[in-house]
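Please put together the full structure from these sequences, using the hints given.
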Amino acid sequence: MLNILPQVLVDGLTLGFMYAVVALGYTMVYGILEFINFAHGEIFMVGAFVGTEVLLISDSLGALEGMNPFVALFLTLIIAMVLTGALGVGIERIAYRPLRGAPRLVPLISAIGVSFLLQDLVRFTEALARNEFYLNSPTLFTGSISLGSIASIPTKGLIVIVIAIVMMIALTLFVNKTKWGIAMRAVAQDQSTASLMTINVDKVIMLTFLIGSSLGGATGVLFAQNYGTIDPYIGFILGLKAFTAAVLGGIGNLRGAMVGGVLLGLLESLSGAFMGPLTNGAFGAEYKDVFAFSILILVLLFKPEGLFGEAVKEKV
Amino acid sequence: MKKLSHISILSAVLATSVALTGCAGTSNSSGGSNTSGGGQQSTDQSSASGGGATDGGVIKIATQTPLSGNQSSLGDAIKTGAEYALNLRKEEFKKLGFDIQLFPQDDQADPKIGVSNAEMLISNPDVYGVVGHLNSGVAIPSSVKYEEGNLVMVSPANTAVKLTEEGKKTVHRICARDDAQGPKAAMYAKNTLGVKTAFIIHDKTAYGQGLSDQVKLQFEKDGVQILGYEGITQGEKDYSAVLNQVTAKNPDIIFFGGLYPEGGILVKQAREKGYKGYFMGGDGLDSSDMIKIAGDAVEGVVFTSVAGDVTQTEEGKKWAEEYKKATNKPLETYSVYGFDSMNVILNGVMEAIKANGGKKPTREQVLEAVHKTKDFQGQFTKVTFDEKGDNVNADVFIYKYDKDKSTFVGKAE
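These protein sequences, in sequence, are chains A and B. Throughout the first sequence, residue numbering follows full-length UniProt numbering, covering 1 to 316 in sequence. Throughout the second sequence, residue numbering follows full-length UniProt numbering, covering 1 to 413 in sequence.
No lab work stands behind these hints: they were computed from the structure. Only a predicted model underlies this, so the values are computations on that prediction, with no experimental measurement involved. We treat Cβ as the ideally placed atom computed from N, Cα and C, and that holds for glycine. Check the hints yourself; a few may be wrong.
[What the hints assert, rightly or not] Here are the simulated lysine to any residue pairs, SDA-like style, with alpha carbons at most 25 Å apart: (1) Lys273/B to Phe70/A; (2) Lys204/B to Phe70/A; (3) Lys249/B to Ile153/A.
[What the hints assert, rightly or not] To give an idea of the interface, some chain A residues facing chain B are shown, with a C-beta separation under 8 Å as derived from the structure: (4) Ile4; (5) Asp11; (6) Glu132; (7) Asn136.
Structure representation (structure tokens):
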């Protein structure tokens, strides 16, 4: 049974890093606005569709022939990030900013509305353009790296992990070292004081949405690469889990979102693979979510602010 | 305004022709009922009936299938198959003095529409039978109405077990039930594929888990070792957790109870993990999208279906050619089921007319006659109804995916 452990860990990490990057989007917006952007899962989904469409179209034009797959992936990521970033900013401008003074629940409902809108908009346009809304992404990386006889990591899984780590490091550096990053942290701590310090709060919020959404969109591209098949409803489950990861790590906290995401991915993968054999079939893989969420409840019972909720002062 | 005047002219013409029919037909009240439910659909039919003078009256057989919406290609196939059968036998009925007509209804794959259509059908005394539906979810509530009106229903495509288990006398089907698929699939895996170990995965839905349970039961009966029985969540894209278990145990076959969006991903990810054995499922895997989702991994995937391929025999091929020529429509799997269902009803009507001394029978008499159908050899299926209205001769068929299409393998035995 233990011979599959390395494989399980690799699968869990791949999934976990995707959760983590999407969780960053939830946690950043929460850190600044104390508002849960439920449309974020759908932005991830739009990213997956943009990336897949870019690859499909350039494939049909023959542009992928002979192109280095890393270059192709990089260009796809850039296009998807720009578009989803713009989408995130647009959503903030239209659906959230006019409601900023409203009671808490109002922007939340607005976010749920946006997420329905995006789902059906994508379904609608894909159905019009391609007569179907299940898309299959061309696979850029097919090989796998074998670690002796114990496990083989598919190259695409490894790429997901590497890119996710690069994005996380870049974000951390941005938030901690740049002027805009400091402004973001200031707004997160106290909006009105920050605005008195000549920080343009609206711009900072826009920037937060821009970064969070483009990270989500990039994860969508990675997701489509890793699993091959996407549909307009992938954002719901993944978004929910990424949100859970953000809560697990302590919502509003960047490091918490990263750790929470990876932890959730690993928990799911481990419980899916081992719970059946360990309990002699009484609790099968279908209980993997139950197990992962039980852990979440346990953590929140003893540490309601999440794993990293208080330990770190900076909130962004 | 212009459009309105067109309609009024049309309806005037229609009314006149109906009135003429009413004059020609001496014994029956067909004139009135023509207008009651037909709407614009029956325009051409009522003018056709104006031509042939028949004294026995009009007998309408309805179809209830989705004729609009995304399932309309299947629904239209049933309707067209039924229409073709009816047209072939028009003369036969004319000799007895009856004018048989098709009365096609669009249930839009919507239970509400199906039921309101059913209400309209039972209130029309000329309607003697229904070929339908495509969706079990529509057939079950609609059958309540048919039962009220003693209107016989013969389903070409509904496989839900519940449909005939509710004890309604009017409900019949010529296709197999869902619970026939599981055992037959397991037998095929054991006897033909020769598997000794199996791993069963289901999607936690009534359909998927139900199918998987039956496969599991049959495997246990036949001595196939079950290495695992796991559920997955619909809509997820990452099934590596379950598949790691599968690769660790390396079964001869993975049986998946579920639909193609998950099935396609499962087989793809299983092959990526180096799984080499068989992959099998139920008719939930029967979709051209399965190929798109699974990609190359689809090759060799086996699935069962209650719908067979009529073009597998020489005679069937000939029928298919004639069908295409006569109807000018492509042949779909369910075309022949619509055709056979219609013939089952028409046979019943014929029997009832004879038993009634050549006079127009009652619905009860038609129902009795259809219910007694025994060893009727249709174009594709042999039909004998049991007490519940299930066809005891219904078969389950095996299909296999090649690179770009699914091919018929044979009956599962």
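Okay, the hints, checked on the actual structure:
1. Lys273/B to Phe70/A: With Cα atoms ~23 Å apart, Lys273/B and Phe70/A stay inside 25 Å; holds.
2. Lys204/B to Phe70/A: 39 Å, violated
3. Lys249/B to Ile153/A: 19 Å, holds
4. Ile4: 4 Å, holds
5. Asp11: With Cβ-Cβ at 4 Å, under 8 Å, it holds.
6. Glu132: With a closest approach of 7 Å, the Glu132/A hint holds.
7. Asn136: This hint holds: Asn136/A lies near chain B, its Cβ roughly 6 Å from the closest one there, short of 8 Å.
The structure does not agree with numbered hint 2 stated previously, though it agrees with all others.
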